[in-house]
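Asks: Got chain Y; can you put chains L and D on it based on the hints?
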Amino acid sequence: MSMSLQAIHKNQPLVHCITNYVVANFTANGLLAVGASPVMADAIEEAGEMAAQSSALLLNLGTLNERTVASMKEAGFSANKHHTPVVLDPVGVGATKFRIETARQLLYLLKIDVIRCNIGELAALAGADWTSKGVDSGNGHIDVAATAKQLANHYQSIVIVTGEQDVITDGERVEFVTGGHEKVTKMTGSGCLLSAFCAAVLANSKEPFNDLQTLLNEYKQASANSVAAIGTFHTNFLNELELLAEGRR
Amino acid sequence: MSMSLQAIHKNQPLVHCITNYVVANFTANGLLAVGASPVMADAIEEAGEMAAQSSALLLNLGTLNERTVASMKEAGFSANKHHTPVVLDPVGVGATKFRIETARQLLYLLKIDVIRCNIGELAALAGADWTSKGVDSGNGHIDVAATAKQLANHYQSIVIVTGEQDVITDGERVEFVTGGHEKVTKMTGSGCLLSAFCAAVLANSKEPFNDLQTLLNEYKQASANSVAAIGTFHTNFLNELELLAEGRR
Amino acid sequence: MSMSLQAIHKNQPLVHCITNYVVANFTANGLLAVGASPVMADAIEEAGEMAAQSSALLLNLGTLNERTVASMKEAGFSANKHHTPVVLDPVGVGATKFRIETARQLLYLLKIDVIRCNIGELAALAGADWTSKGVDSGNGHIDVAATAKQLANHYQSIVIVTGEQDVITDGERVEFVTGGHEKVTKMTGSGCLLSAFCAAVLANSKEPFNDLQTLLNEYKQASANSVAAIGTFHTNFLNELELLAEGRR
Chain Y
0 MSMSLQAIHK NQPLVHCITN YVVANFTANG LLAVGASPVM ADAIEEAGEM AAQSSALLLN
60 LGTLNERTVA SMKEAGFSAN KHHTPVVLDP VGVGATKFRI ETARQLLYLL KIDVIRCNIG
120 ELAALAGADW TSKGVDSGNG HIDVAATAKQ LANHYQSIVI VTGEQDVITD GERVEFVTGG
180 HEKVTKMTGS GCLLSAFCAA VLANSKEPFN DLQTLLNEYK QASANSVAAI GTFHTNFLNE
240 LELLAEGRR
Chain L
0 MSMSLQAIHK NQPLVHCITN YVVANFTANG LLAVGASPVM ADAIEEAGEM AAQSSALLLN
60 LGTLNERTVA SMKEAGFSAN KHHTPVVLDP VGVGATKFRI ETARQLLYLL KIDVIRCNIG
120 ELAALAGADW TSKGVDSGNG HIDVAATAKQ LANHYQSIVI VTGEQDVITD GERVEFVTGG
180 HEKVTKMTGS GCLLSAFCAA VLANSKEPFN DLQTLLNEYK QASANSVAAI GTFHTNFLNE
240 LELLAEGRR
Chain D
0 MSMSLQAIHK NQPLVHCITN YVVANFTANG LLAVGASPVM ADAIEEAGEM AAQSSALLLN
60 LGTLNERTVA SMKEAGFSAN KHHTPVVLDP VGVGATKFRI ETARQLLYLL KIDVIRCNIG
120 ELAALAGADW TSKGVDSGNG HIDVAATAKQ LANHYQSIVI VTGEQDVITD GERVEFVTGG
180 HEKVTKMTGS GCLLSAFCAA VLANSKEPFN DLQTLLNEYK QASANSVAAI GTFHTNFLNE
240 LELLAEGRR
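Quick mapping for you: the protein sequence lines, in order, are chains Y, L and D. If you read the first sequence in numbering that gives the first Met the number 0, its first letter stands for residue 0, the second for the next number, and so on. If you read the second sequence in numbering that gives the first Met the number 0, its first letter stands for residue 0, the second for the next number, and so on. If you read the third sequence in numbering that gives the first Met the number 0, its first letter stands for residue 0, the second for the next number, and so on.
Derived from the structure by calculation, the hints contain no laboratory data. You may find that some hints are simply not true.
On the chain Y side, residues computed to face chain L include the following (Cβ under 7 Å) [as the list claims (entries may be wrong)]:
id, residue
1, Tyr20
2, Val21
3, Asn24
4, Thr62
5, Asn79
6, Lys80
7, Thr95
8, Phe97
9, Lys132
10, Gly133
11, Val134
12, Asp135
13, Thr231
Built from N, CA and C at the ideal position, the CB exists for glycine as well.
So that you can see chain Y by itself, here it is in the shape it has in the complex (with noise of 0.2 Å):
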């Protein structure tokens, strides 16, 4: 059952992420996990040649600067001159007009395949009303699926925003994924290494919309599967992320 996860597994695709320092670590680990090859490189003397020859490319704004801001749109030109998959990962764009402004230069300048966010992100990025809270979702009401669907529409991109019920959309279609725990938000990288395997899971797939389905229903497993107190959860969550890749769940 978990095709998108066993799907990297056997493509084992090579994803480029200029992504933040905090989650770093992890986002290589659960690559590694599921048989994807992580390479982040984000010198802008570096970064067009590296997406060049990457299976698929994150951008996340985890913990932007200047200097990775200017690699990310090297890489993304990069990315897109070669038709390679692009994911962008908005993290916290509503906490300030730093990130607001990068995102939407990059979703100006470039190609994105994929927006992975969560509830707050999507307000930020659709100008909705919403209380951000730094990286987390916060509080606010919106309409997610339409506003997601608008998203996806503006953009020529699919769309997934994830928290308690995921929503897909792109632009047309709107499916929601339900199950998981809720602990997986105690861990911290979980949005963004959802981020990377969206773009691993692009890397190989002729069905895009539906093999991210898949792979959001497959993430919620492992988290549901996963659950303990939250230093064993971080050690279950990448044990089960393999076990899942490599269909022995």
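Replies: Leaving out everything else, chains L and D in the frame of chain Y:
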């Protein structure tokens, strides 16, 4: 009994951390384990704005550079302006001129509520005779309580010096906290995470001195409860922090 | 039997690491597990001063950028001046021009005692025909022992090429180390940590070649002893390293 971690769990403070990339992941996971919301943001373009909306600010010198030091100042000014508590962790301050000069600048420019350090760092800040060893304590002989008291008075801060016996002083009162287990020193970032917890406690504290003293006790309790081979210790420690914060220990 | 890790445990060397942010935490925890003292410091303002007081220096190209490359040179000059051993880990050197040029510059400017790499990185440094895959080994055919020997002679370094079978050579002697378990390649930073251990061994070694060969054996032993699902493997691996260093395996 574990009142300070339980208070964090209840208040869920947003803690803005400008910290080193060695411990950023562990710090985020530790804060999440006890129910706080970490946000790491070190770009000059957003440091002030992020600090303004946070409940507390942590400045950690672990892997400082010119760019992040500028952001620390910006975030610190913003925190001071908004009466947001600021914790300074002067990692390895005795090791290089750049570190001691940066620490002194921050202490001169900003109102720092708590300085959390080890004995070697205390000695360096106080200009005492001491042989530092990188970011470890190093060797020498000082009267820790007297030196900490002096520093607390000089900077009008609470000073916490951790070690086999912790010392906490506001320049008048001096308290000692014993217990814990030395194994905790074999886990990188154990001091850094404690500094982040100090920030999280200050976010909602009416009696900072008492609440921080309680925190020191709880942190030692967590390390004593976690004793095992070092890999297992890491897992246990996060488990214990969560259990203490949830009132289950 | 685990004499090199035990020697680290006894000597407690201070290892200055300029390494990538993906593995910085794991490297610090690994060094601490075996009793060494890690210090990460990559600011140009302090790199030379930190290297001068350290027992060994590790230069790792994993997430290099213009700023950290300048600091690597500064730290390297200082280490050379103070006769402090230097280890180079040319992560992903075959992937981009920036990496290979940086590695060649460092090898030209500095006396490097040990180069620790995988086969793909060896091929890149030797200018051999090879298809790299990010920071992984990639594919191609070279005579590993002969190429490593040539490189060792060219740079007057000990060259260690790790893989299913490790090769160590000083340009004359060539030794092979087998054992271990491929699971270790699914844990990010396993090679990077080994490079840091090489630095820690060199800090106090009278017979570097033999002591490093012993280290390679011990490292393979730790991975073989740790086999489990990947999350559990991480925990086991740190446990095993500590047990080996304490002479309890």
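Asks: Does each hint hold? Answer for all of them.
Replies: Against the structure, the hints come out as follows:
| no. | hint | in the structure |
| --- | --- | --- |
| 1 | Tyr20 | holds, 4 Å |
| 2 | Val21 | holds, 4 Å |
| 3 | Asn24 | holds, 6 Å |
| 4 | Thr62 | holds, 6 Å |
| 5 | Asn79 | violated, 25 Å |
| 6 | Lys80 | violated, 27 Å |
| 7 | Thr95 | holds, 4 Å |
| 8 | Phe97 | holds, 4 Å |
| 9 | Lys132 | holds, 6 Å |
| 10 | Gly133 | holds, 3 Å |
| 11 | Val134 | holds, 5 Å |
| 12 | Asp135 | holds, 5 Å |
| 13 | Thr231 | holds, 6 Å |
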